[in-house]
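Sequences are here, hints too, so could you generate the full structure?
Residue numbers (this note's numbering), protein chains in the order written: chain A, 81 to 290; chain B, 81 to 290; chain C, 81 to 290.
Rather than coming from a laboratory, the hints here were simulated on the basis of the structure. Treat the hints with care, as some may be off.
Heads up, the list lumps identical chains together, so a pair's fine if it works in one copy or across two of them.
[Unchecked claim] Here are the simulated SDA-like pairs of lysine to any residue, each with C-alpha atoms no more than 20 Å apart in a straight line:
1) K233 - A185
2) K203 - R256
3) K203 - W152
4) K203 - A186
5) K233 - N285
6) K233 - E114
7) K203 - G142
8) K233 - R116
9) K203 - A156
10) K233 - A115
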Amino acid sequence: MQFTFRPRAAHLLLAIDLVGTALFAAEGASTAVEARLDLLGMLVLAFVTALGGGIVRDLLIGDIPPGAIRDWHYAAVALASGAAVFLLRAHTSGIDHWLILTLDAAGLSFFAISGASKALEFKLNPLLATMMGGITGVGGGTIRDLLIGQVPKVLRSDVYAAAALFGAAITVLCLRLKVNGVVASGLGITGCFVLRILAVYRHWNLPGAG
Amino acid sequence: MQFTFRPRAAHLLLAIDLVGTALFAAEGASTAVEARLDLLGMLVLAFVTALGGGIVRDLLIGDIPPGAIRDWHYAAVALASGAAVFLLRAHTSGIDHWLILTLDAAGLSFFAISGASKALEFKLNPLLATMMGGITGVGGGTIRDLLIGQVPKVLRSDVYAAAALFGAAITVLCLRLKVNGVVASGLGITGCFVLRILAVYRHWNLPGAG
Amino acid sequence: MQFTFRPRAAHLLLAIDLVGTALFAAEGASTAVEARLDLLGMLVLAFVTALGGGIVRDLLIGDIPPGAIRDWHYAAVALASGAAVFLLRAHTSGIDHWLILTLDAAGLSFFAISGASKALEFKLNPLLATMMGGITGVGGGTIRDLLIGQVPKVLRSDVYAAAALFGAAITVLCLRLKVNGVVASGLGITGCFVLRILAVYRHWNLPGAG
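In structure tokens form, the structure reads like this:
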């Protein structure tokens, strides 16, 4: 999902964005290993997990063709990351659970904040811009879960989408209060990341409907 | 699902449209209770059920960003309705089955007719405009069913999507015959509503494929 | 899935395209018979299977409203084909397995190559244009499988999406090398078709992730 901050921070942010893409793609490909898909299925899940949320957001806010379709770097990074998981799949079982969780929380934070910022640039209302941040963060994983026949994890499990929305809301609020863009992004990313990690560590859950 | 009739009927129709949104959102949230989702899952299902059909229609006819994304009232009504179901969830089990069915049939009728009318305004062919009415009416429920891992009810069960298409077809036909817009809408809404209620009451079904 | 070659080959190609639409629609409707859907469910699956891939591609490349929504011929052909399957459903069980497979491979080839060509016309990068060919070929079947609650076949099974991508890649490569459009299409269609048939005949599979 594309950061579109124009000024000098742009290169750093593009790099961060591509790192997030690579990470989510690797997660998608790993899911494919569990679901016993073939190589192509892995690449599809890598692409969808990494870029699906941003593509849906771009369709909804009217940035068409979506950035991930217009700019080949995103697809290339996602597919390369998926291919790497395929090649290394015999060696991934020992990776530390908390490392994956931390990296995933970082990716979620970046995507949510970049999604919300972009939606604001496209003149969306703050409520909808916050939701677009949430969609950017969890949309790809939702489509992936549907493709492998599972109820999307974000609908059931702990504070995941809520963290994305929380971070997005912080950034949207800051930007509306004319806070500097980099500060607004930093605060939102931090808020999402910390809430997500705390929620896992302390087993927080939203109130159930039952 | 935005009514876009320009003239003086517009306020009434907007009100009707928002009532339909609230109703469908409440149904979505109720489904989330059954599926044992958490609060956020309820809000997601409320939003998707109420606004998913209109969003898909708007993407397909080229009204981008979709009305439900551009105008925050729709999201606010859907989320408020979902939150109300959450708060009142202990007290909903006694609600009369036929009341729900009647309200749902009303919502279906409004959505189908507004969807078909809007598609005609966007210069779609009558066949496709009728289909857009059907998508507006049942699209949200279809996405909701997919998200909770069920085969969409509209594909299997009794005369539901068929009623939406029937009402949409009446309105499209009337509008092509230069019938006044309010009359065309009234006839379509009535046709859809009556067919839906009759079908439930008499256990009508479409011929099966088996 | 619209062929958009302007010159005199256009009529032939439109005819081929509509034949592909009819074939994929018939397959979708047949799936509905197996899933015990009603008549409307059959028509929905016929439409979605035949036109879903092209609609998603058009949304992604920015041709909105999608060709299949703008031009009623596609919907009419898909629905007529679905209705024919409904009427003839008692007589379809004896159809030769290899005939279906061959016709399906032909439809896949046409859709993949037309999708890739159209994406190039819309200035997509060769990598993404090839992917758009794949989406055009297998997108409809993927949506159909999701609607009936199955993990999409293309994610699991033998060389199907891979054949679509292979043919699309040939055409994209040829067009970038300034090969004549009809020749580029012919080579791509042949490549996809031959690979698909060979893969079934020889039980080829992509390397698994297991």
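Legend entry - Up to 20 Å CA-CA - W152 versus K203, copy category: between (26 Å within a copy, 12 Å between copies)
Inset, instruction - Check K233 against R116 for me: Cα-Cα at most 20 Å, and say if that holds within a copy, between copies, both or neither. - result: both (19 Å within a copy, 13 Å between copies)
Inset, instruction - Have a look at K233 and A185 and pick one of within, between, both or neither, based on CA distance no larger than 20 Å. - result: Result: close within a single copy only, 15 Å intra versus 32 Å inter.
Inset, instruction - Indicate which option fits the pair K203, A186 if close means a Cα-Cα distance not exceeding 20 Å: within, between, both or neither. - result: neither (26 Å within a copy, 34 Å between copies)
Legend entry - Intra- versus inter-copy proximity for A156 and K203 (alpha-carbon distance at most 20 Å): Answer is between: at 17 Å across copies they meet the 20 Å cutoff, but 30 Å inside does not.
Inset, instruction - Indicate which option fits the pair K203, R256 if close means a Cα-Cα distance not exceeding 20 Å: within, between, both or neither. - result: Result: close within a single copy only, 12 Å intra versus 36 Å inter.
Inset, instruction - Using 20 Å as the alpha carbon limit, work out where K233 and A115 are close: within a copy, between copies, both or neither. - result: both (15 Å within a copy, 13 Å between copies)
Legend entry - Same-copy or cross-copy closeness of K233 to N285 [CA-CA at most 20 Å]: For K233 and N285, the Cα distance is within 20 Å only inside one copy (13 Å; across copies 30 Å).
Legend entry - Homo-oligomer pair classification [G142, K203; C-alpha up to 20 Å]: Result: close both inside a copy and across copies, 11 Å intra and 18 Å inter.
Legend entry - Intra- versus inter-subunit Cα pairing at 20 Å for K233 with E114: Both: 15 Å inside a copy, 17 Å across copies.
Going down the numbered hints, you'll see the structure goes against just number 4.
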